[in-house]
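Protein chains: 2
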Amino acid sequence: MIDFNLSIKTKIYFGPDKEDLIGDILRSENVNRVLIIVGEGSVKKNGLLTKVIGKIEEKKIDYLLLEGVRPNPNIEFVRDNLIKIRNYKPDFILAIGGGSVIDTAKLLACDYYYDGDPFDFNLHKAKPTKALPVGVILTISAAGSEMSTSCVIQDDVKGKKAGFNSDLVRPVFAIENPKLTYSVSPYQTACGITDIMMHTLERYFQPSSENEPADGFAEALLRSVIKAGQKVMKNPEDYDSRAVLMLMSSLSHNGLTNIGKPFGMPVHQLEHGLSGMYKTIAHGAGLAVLWPAWAKYYVQFDVDKFDQYARNVWNSQNPDKKENALQGIKLTEEFFRYIGMPSRLMEFKVGAIDIDGLINRLTDNGTRVVAHPVKPLDGEVARIIYNSCL
Amino acid sequence: MIDFNLSIKTKIYFGPDKEDLIGDILRSENVNRVLIIVGEGSVKKNGLLTKVIGKIEEKKIDYLLLEGVRPNPNIEFVRDNLIKIRNYKPDFILAIGGGSVIDTAKLLACDYYYDGDPFDFNLHKAKPTKALPVGVILTISAAGSEMSTSCVIQDDVKGKKAGFNSDLVRPVFAIENPKLTYSVSPYQTACGITDIMMHTLERYFQPSSENEPADGFAEALLRSVIKAGQKVMKNPEDYDSRAVLMLMSSLSHNGLTNIGKPFGMPVHQLEHGLSGMYKTIAHGAGLAVLWPAWAKYYVQFDVDKFDQYARNVWNSQNPDKKENALQGIKLTEEFFRYIGMPSRLMEFKVGAIDIDGLINRLTDNGTRVVAHPVKPLDGEVARIIYNSCL
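Protein chains in written order, with my numbering: chain B, 184 to 573; chain E, 184 to 573.
Next comes chain B alone, as it looks inside the complex:
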């Protein structure tokens, strides 16, 4: 194990109708003026927003509603609303939605106190030193942003999707009602399942000690998500499976599955270029295509770990380590296919994929190599991976 400092402060309120507590929860956090951020309409259509606002009004808490965060959220939304929010002077931001809404809330929380360009944190030109507290009512099990320190935003103009991590943006609370995810479409559910698995797998394939507890937690989390994923595809209203996916979304990205381990997300970096460049590509779907491609290239450098993955997650017990390692990758691909994810980039129907453009985004036009155990992920390696899943 390696040295670390960790504080997973997010309070979880888990179960049906827990959103009814929002007024009491905000009061317990001493909130007087709350900025409510939502996406493009579903929380309005299904009545959740009205219900939540009712509970907030009951407690006589003032609020400002900000609507319209899009999927793959963009920095323009932050730029366009910052003055309005500063004028309102909230003491808290409540995100009702999934990763896009939460990440937008997180960046607004930091930019509220920052005089430089709103995208500076994502470009690692500055580090946040102060932020408004953020709370979450979660409506989709996917990004894990409800309990994470991460914030990923897209700059359409610069053609750049980029993230930063800060303890300051880890949400204060997450209200998790699995029933709110019953209406999430099969495709979005599958994208979420993939994202949860990837948050876990990226950590899992970072270097480990011989008896690494985090890897056992990761394997347990993956087995639970795979079982729940299979069930929820057959019955979208299987409460227990929706509950497993929701809680594992939070635990996949909160630091548990890399506790005492190095952190790195190379496949996420390969993907950010993709959904950044082609906005119709969902992040989870991009990961579903890229992870197997990444794995088939990198398996040569870590057969033991891929073999362990196959045995402990997929119960694949081929005595030949190499064959077993490859079988684990194959079973992952088949699972993604089963839940409705693509296997090749061409399935996205976005025309010819601009591999050079993807590599330039990944490597900042050839100036940067992505850190990766054993073999750095440079432009050359990225080209092999992208080409292998065209």
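There may be inaccurate statements among the hints.
It does not matter which identical chain is meant; a pair holds if it fits inside one copy or across any two.
Below, computed lysine-lysine pairings styled on DSSO-like, alpha-carbon distance capped at 30 angstroms [what the hints assert, rightly or not]:
| no. | residue 1 | residue 2 |
| --- | --- | --- |
| 1 | Lys479 | Lys343 |
| 2 | Lys488 | Lys362 |
| 3 | Lys238 | Lys310 |
| 4 | Lys479 | Lys242 |
| 5 | Lys479 | Lys310 |
| 6 | Lys242 | Lys310 |
| 7 | Lys362 | Lys308 |
| 8 | Lys479 | Lys308 |
| 9 | Lys488 | Lys532 |
| 10 | Lys505 | Lys362 |
| 11 | Lys310 | Lys267 |
| 12 | Lys242 | Lys192 |
| 13 | Lys227 | Lys505 |
| 14 | Lys313 | Lys343 |
| 15 | Lys505 | Lys267 |
Since the hints were derived computationally from the structure, they do not count as laboratory data.
Once you've looked at the hints, dock chain E against the given chain B.
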């Protein structure tokens, strides 16, 4: 999964020499006057206390030192020191030690603001409504109190060892330097390993859903602790194994391994009478004797779960479920024996065990039945269990 609210707020500072940060950490928590609580001498002898006080003085933080918490800590210590502490007016309590010191700190933190009898919380006559914040420098991997909501104290006069849980006493931070545990004796190390396993097993054998993530986390934690336990018995200075034990101590009792599950600790309740009545018996050693006795009785009501335990923790794969379930219990007993724990009560050499006295303590003189899945733990069942391990 069941509904729950959970906030695991404790910040972990993990690694060699992390105690050097104590001054900065206390400053970051806005501490001006700290009450330092320690045990009966080891932190003085090994220089840790001097080092920590030096760091606190460097930051010009005022402190009061309170020494002499004994193992199986007693309420008299709290009673005797409460006025002195109230006069000092600390804004923070720092516990340097293990479960006994931490639990004493927790009770003092609550009693500081409470006018009733200091033992009221443990007797469930009152609930804490306010507490001083508590921080920990951990010196033994065992009780998990450094990250838990629990506080167990002994009343010698009433002959009662009793605990309560409150979010108010979950420590603000835990500084965990595995090297500080190199000097813990093999026997105390083994008691700690047993306690960590028991915190996990008690939760594991509470009812589960079909695809229960917490059970997978528990199994992973147990496998890691068993491996680390075997290694550390051979080499007390095996850093990685000491690190695993320390971190698993914290995660075994912080709520992770029962996240989304019912909570209950029947074997701990069977044990509290034992080490409460016979003060030379270490809590962990008592558990090592009682858990197998409990398991051999209760296995008849939950063969499937005991079979799962044997397969997933001990890799025992007997196709006969009942035999495999029993094999899992046997392997646990053998492991306890291997690390130096007793198997029978007579090994404690405390004379004839007063079974009636133990039952009276457990059942509050026949007025109470301990909650237990499937079959309640009443005096009759307790008698069978105690008698079976004489």
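Here is what the structure says about each hint:
no., hint, in the structure
1, Lys479 <-> Lys343, "within (27 angstroms within a copy, 61 angstroms between copies)"
2, Lys488 <-> Lys362, "between (36 angstroms within a copy, 28 angstroms between copies)"
3, Lys238 <-> Lys310, "between (35 angstroms within a copy, 28 angstroms between copies)"
4, Lys479 <-> Lys242, "neither (55 angstroms within a copy, 53 angstroms between copies)"
5, Lys479 <-> Lys310, "neither (36 angstroms within a copy, 57 angstroms between copies)"
6, Lys242 <-> Lys310, "between (35 angstroms within a copy, 26 angstroms between copies)"
7, Lys362 <-> Lys308, "neither (40 angstroms within a copy, 38 angstroms between copies)"
8, Lys479 <-> Lys308, "neither (34 angstroms within a copy, 62 angstroms between copies)"
9, Lys488 <-> Lys532, "neither (34 angstroms within a copy, 48 angstroms between copies)"
10, Lys505 <-> Lys362, "neither (42 angstroms within a copy, 38 angstroms between copies)"
11, Lys310 <-> Lys267, "within (23 angstroms within a copy, 45 angstroms between copies)"
12, Lys242 <-> Lys192, "both (25 angstroms within a copy, 26 angstroms between copies)"
13, Lys227 <-> Lys505, "neither (51 angstroms within a copy, 54 angstroms between copies)"
14, Lys313 <-> Lys343, "within (24 angstroms within a copy, 49 angstroms between copies)"
15, Lys505 <-> Lys267, "neither (58 angstroms within a copy, 67 angstroms between copies)"
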